[in-house]
Amino acid sequence: MNAALLKRVDQLIAASDHENISNDIPKAVSLACKGFTDLRPTPAGPDGEIDDGQTGPAYTDMIESLLVQISQQVEGSSDKESKTVAELKKHREQLKTALNNETKEYNELLEERSRHIVSDDIHTGFDSTLINKAAKEQHVANSEGKGKAKENQTSIEVINTPGSQVNPSSTGSSSGTSGDPDIDAAASPKALEFASLPSDNLPRLYAFLDENPQIIKESEKDALMMVAFEQQLSGDPKEMAKMKNTVHNALLLQYCSTLGGPQGTRLFFSRISKKDHPALEAFNKDVDFTYNHIKQRCEIISQQKDDETEQEEGVEQIQLHAVDPNTEIVVTVPEEDSEGRAVYEQLSDPLRKAIETKKLDEINKVLGEMTVADAEKAVEALNLSGVLSVEEKIYDVNEWQAEKERILKEEAYDEMEKEVFGTGSPSQPTTTSATDRGSAEDTQPFGDTNDEVD
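1 is the number of the first residue of the sequence shown in the UniProt record's numbering; add one for each residue after it.
Check the hints yourself; a few may be wrong.
Result set (DSS-like, lysine-lysine): computed pairs, CA atoms no more than 30 Å apart in a straight line [claimed, not checked]:
id, residue 1, residue 2
1, 27, 104
2, 242, 217
3, 274, 353
4, 365, 244
5, 353, 305
6, 274, 295
7, 238, 285
8, 359, 295
9, 244, 274
10, 104, 80
11, 359, 377
12, 377, 305
13, 217, 104
14, 353, 377
15, 275, 27
16, 275, 358
17, 217, 295
18, 353, 365
19, 190, 90
20, 274, 27
21, 274, 242
22, 7, 96
23, 409, 365
24, 295, 305
25, 96, 238
26, 96, 34
27, 217, 7
28, 274, 285
29, 295, 353
30, 80, 90
31, 80, 27
32, 244, 190
33, 80, 190
34, 274, 190
35, 27, 90
36, 275, 244
37, 295, 365
Quick caveat, the hints were computed from the structure, so don't treat them as lab data.
All of these numbers come straight from a predicted model, not from anything done at the bench.
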């Protein structure tokens, strides 16, 4: 922005050689901006894209505000024209100094950035990761290396900050408004009071700023934008209804801060007080854009929180299985007029339908869709109703023959070990028959529940 203003001031100073610029401010503004196609600063978005909306104060407004201030300074002077040019040259030097400082700082930041590993330097090889990523928010990956510290960097999204661009390598605070309401920005009591004033009462808003010029700064605007985020995220209809009013008044602080000084504030309010004035149209467009942007970001944030909650609730599950491989859980529907029938009737419809299939897998499917607390209550009810019971597995002829052969092989192996190592050696493992294991398991409670992680 400073570079663009400097070009216009240089052009105006050059035009003063053959034109009078002190008596006709509109003509001087026209001379300064003649031949330039960019009407106002065009900030880049967080991803580097250009905002075609071109919101914010126009360069013509900035030049006019500067000339109004100079005109008041040289008012009554006998040599008004030469002093006007002299003041313009002073402002030109100030702009050049500011531009040089910005360029120097930018180069230093680039040099500092080159010393660290950032996300642009990291290229994934063969692994892949699924990330639940917020819209328009970039999180810089941690750099890893032996003997080297890890460093985190975050790129902050900016909402409608005319004439300023966020350096992607900067990890400090930004003059813009973040797309995520986690920035530590606290509004002053006076700024909060200003935000609550009706947005359609411009005289009252101007009077408040005239009495409290200390709140006309970017930091207060940023803080009020955070308030707008909180109002929208609260879910309270009353608070959400205040959000657009807060955005409107926050942008008033931004525009007045950009124009600078009491004269700039007075000039801006005089423009937006006129119906159908281009300045009013541009300002309202900016308000609507920012309002809709905050609404969309809050919807995304709320959806992400809901998704995270669902994922957390779905991590643990209650599932039923038999502890002993030689036993199985048998599902039985309680008979009419039985003691367990009353408890059975109180179970949910999906769970009763699963029980009627007499398949444990169907019951586990229903339990898997419940929260852990609800599933534990359901298992307790299943035990009380007598739906579940543990029984030894009944093998058919082929299965029993295979089991018998396995037992004989184990016994033959035991006899061989006794011959080699001796009977009763403490180093030898003992074997338990399938029948012994089954009888031992009969003392265990059925329907063992365990927490499984998806």
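Hint by hint, here is what the structure shows:
no. : hint      : result
1   : 27 - 104  : violated, 35 Å
2   : 242 - 217 : holds, 22 Å
3   : 274 - 353 : violated, 71 Å
4   : 365 - 244 : violated, 47 Å
5   : 353 - 305 : violated, 33 Å
6   : 274 - 295 : holds, 29 Å
7   : 238 - 285 : holds, 24 Å
8   : 359 - 295 : violated, 48 Å
9   : 244 - 274 : holds, 21 Å
10  : 104 - 80  : violated, 36 Å
11  : 359 - 377 : holds, 20 Å
12  : 377 - 305 : holds, 27 Å
13  : 217 - 104 : holds, 24 Å
14  : 353 - 377 : holds, 17 Å
15  : 275 - 27  : holds, 24 Å
16  : 275 - 358 : violated, 76 Å
17  : 217 - 295 : holds, 24 Å
18  : 353 - 365 : holds, 12 Å
19  : 190 - 90  : violated, 34 Å
20  : 274 - 27  : holds, 21 Å
21  : 274 - 242 : holds, 25 Å
22  : 7 - 96    : holds, 10 Å
23  : 409 - 365 : violated, 39 Å
24  : 295 - 305 : holds, 15 Å
25  : 96 - 238  : violated, 48 Å
26  : 96 - 34   : holds, 21 Å
27  : 217 - 7   : holds, 26 Å
28  : 274 - 285 : holds, 16 Å
29  : 295 - 353 : violated, 44 Å
30  : 80 - 90   : holds, 15 Å
31  : 80 - 27   : holds, 16 Å
32  : 244 - 190 : holds, 19 Å
33  : 80 - 190  : violated, 40 Å
34  : 274 - 190 : holds, 27 Å
35  : 27 - 90   : holds, 21 Å
36  : 275 - 244 : holds, 20 Å
37  : 295 - 365 : violated, 38 Å
Hints 1, 3, 4, 5, 8, 10, 16, 19, 23, 25, 29, 33, 37 from the list above are not met by this structure, while the remaining hints are.
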